[in-house]
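Protein chains: 2
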Amino acid sequence: MERIYATYLIETPYEVEQAVAVLAGEQSRETLLFVSKETEELKKYFAARVEDIELLEEVSMPSMPGNFVSGTTFKRAKVIVSWPVGNFGYNIPALMTTLMGSLYESKQFTGLKLHDFEVPNSYREHFRGPKFGMRGTKALAGVGPKHPMIGAAIKPSLGITPEHTAHFVKQLAEAGIDFIKDDELLTSSSNSPFAERVEKVMHVINAHANKTGKKIMYAFNITGDSRTMQSNYETVVNAGGNCAMVSVNSVGWTAAKQVCNWGGLSIHAHRNGWGMFNRHPFLGINFPAYDKISRLAGVDQMYVNGIDNAFWESNDSSVESIKSCLKPFLNSEAVLPVVSSGQWGGQAFETYKRVKSTDLLYMAGDAILGHPSGIEAGVLSIQQAWSAAINGMSLEETANDYKEFRESVLKFGSKELLNKESVN
Amino acid sequence: MERIYATYLIETPYEVEQAVAVLAGEQSRETLLFVSKETEELKKYFAARVEDIELLEEVSMPSMPGNFVSGTTFKRAKVIVSWPVGNFGYNIPALMTTLMGSLYESKQFTGLKLHDFEVPNSYREHFRGPKFGMRGTKALAGVGPKHPMIGAAIKPSLGITPEHTAHFVKQLAEAGIDFIKDDELLTSSSNSPFAERVEKVMHVINAHANKTGKKIMYAFNITGDSRTMQSNYETVVNAGGNCAMVSVNSVGWTAAKQVCNWGGLSIHAHRNGWGMFNRHPFLGINFPAYDKISRLAGVDQMYVNGIDNAFWESNDSSVESIKSCLKPFLNSEAVLPVVSSGQWGGQAFETYKRVKSTDLLYMAGDAILGHPSGIEAGVLSIQQAWSAAINGMSLEETANDYKEFRESVLKFGSKELLNKESVN
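Residue numbers (our numbering), protein chains in the order written: chain A, 1 to 424; chain W, 1001 to 1424.
Derived by calculation from the structure, the hints in this document are not laboratory data. Bear in mind that the values here come from a model prediction, so they are computed numbers and not experimental data. Check before you lean on any hint, since a few could be wrong.
Said to hold, decoys possible - Partial list, computed: chain A residues near chain W (C-beta under 8 angstroms):
1. ALA24
2. TYR45
3. ARG49
4. VAL50
5. ILE53
6. SER70
7. THR73
8. GLY101
9. GLN230
10. SER231
11. ALA255
12. TRP262
13. PHE311
14. ASN315
Positions of the beta carbon are idealized from the N, C-alpha and C atoms, including for glycine.
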């Protein structure tokens, strides 16, 4: 009988075995009663099963506050629990409720984080995974395997008109960009209505494609209610676009899956809100599990932050996330990792050194639009950095050889050093 | 110009004013650049605005771990930030991304929790709120204003067949129950396919309604992908049902809103996963904000835990949540608070004393199905408790006067005391 295996990090003031037994019981039988008709076989069939317990450290302060007797110690462990697939079948939200439901409210735990899960082979028959994924998305944008996609986020997020956005798009296109996106805060605003922005932007992109043969990918932010997303999606398709952006945590996985099912656009999944689920080391969900949910839904592109990002995430965590996106799952196409947050050309070297891959979308905003010699130099500085990194050059050598990159080091490199000296 | 006002609890190693300015900037302009075409007026119009800062305590340990210089103090504050509605209009996910997006990842904060938000009057024209809500749902179940709805969750969650579920439903119906629900773990399982469960259960409920005139409300768990939810919803409608259950955090708010928009069933919103968003006092979202998102989506019934619940939530928090559901919002119907988790008749007294209202759904599982004198006595024991509580009797007086309630005190009251002596 096929089972789903989930790995958790837990913390408990009780004995670990006892706490994990409650986890398994709560998430399958959930009753303290002996119910006469529930035979022993049924119990065995439907019950969650504790597969493995690896004890970790004990701590004196609980991850989640509470009133505990002085001297209580909190035991941490990595545990594996499994469920029969027959409990919920091939239903992502039901899977989520099983793996991540009431557990987080349980008194047995002062910390609980879903780390990863494994699905059985039959899931391959029910979930296509990403329609375009890493290779399909790069192909749509006309980017070969030897280079990463280079992307720009239009800044400022809000307050600019469709004409102004299109003006930036034209400059970015001429500078050789592969990918451009709306900010996640911009859906349809009073001075940038969605349909008008699509029209103005796609006019530039289509004209550029006619001239050069390269169709730049633009991620239009269709995030909204069902009807809005469907109509905005159609607007993008009709205008000849090839990508839509969805704030997946804000719309939820059912709506995200529906958008992916339509299959006509590469879906750029923005994970804003992620810090709420992931930032605490003993609460929420880790990227390997989150990545799998997103791939069951079928998103093509997923955020992973990046080296020396502007957020709290560590470099190790970002690197692991990139690798997670590129790992095989469901026999389907890999997800394109979207490397972003405070990125300029300087991080290309460490990114390539650690990831050893160009299968990523490298996003910069300020570093392109704010380059001291203009947008073209901004795009060039990042292309220079990536080509040099791939060819084994160092940051210093690249700064010596390439003017545009050198200028970006002076502007964005010093800022980065400044950040490194700050409290965090 | 209309604005949305959001209240946050924050914690920062920086100066509070500086951290909040970053919050406001990140969630509206999000750039470090001076972009020449962004005029001062545009900036003023679209920028988030810090409206109020109330300094709270300073602490020596950060809520979110990190590498901090020894001696760093972490300043807490309650802050109000506002955004012009024109930034995102009437789009719930865009509102969520604005209020709860990248903020949680910001290095500026070692803790951040959205507490509440206020929407302007124009939201009333774009959001209906709950179609049935508190009064409509009670009316559908044939429960008048003077009594709470009494509900039972079928246990065990998984492993029982549609026939067996229907058998429980028949017993519960004859015992005078108002409401019955699937467990959140049960959608369509190998031995309880959804359509078959609906058929068997509704056969009993419709027969009971024909005989007695009372149509018991059954919350069928339609949680799933879009197509599954739509088809399951229609199955319930066609069978004469009046309610569907959705695990709102698992499907997300866009899908939840779509289900509510259909308007034919009272939507029982299960908030499993809630602990992930709420359990840490300085991470995530508090119930007043969550409740408003759910009411914008239009759910009719919402979980609030309850007095002495089996989870980690405090009584104060549960009581505040019940009151939040019953507060006016959008000029629409209130949400029916679903009081649950470890409830038996014993908590009716404290619940009524603190809430002073019968406008709630009082859920029991074990206390009804596991009553020592059977299911009828189980339902009766809770009805006795509520009638007594409303009439100002004490738990002790009620136990003296009513046999079934007395039996439940002996079985479930002692368990409760046991819980009170545990580590938590």
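Consistency of the hints with the structure:
no. : hint   : in the structure
1   : ALA24  : violated (12 angstroms)
2   : TYR45  : holds (7 angstroms)
3   : ARG49  : violated (13 angstroms)
4   : VAL50  : violated (17 angstroms)
5   : ILE53  : violated (20 angstroms)
6   : SER70  : violated (12 angstroms)
7   : THR73  : violated (11 angstroms)
8   : GLY101 : holds (4 angstroms)
9   : GLN230 : violated (10 angstroms)
10  : SER231 : violated (12 angstroms)
11  : ALA255 : holds (4 angstroms)
12  : TRP262 : violated (11 angstroms)
13  : PHE311 : holds (4 angstroms)
14  : ASN315 : violated (13 angstroms)
Consistency with the previously given hints fails for numbers 1, 3, 4, 5, 6, 7, 9, 10, 12, 14, ordered from lowest to highest.
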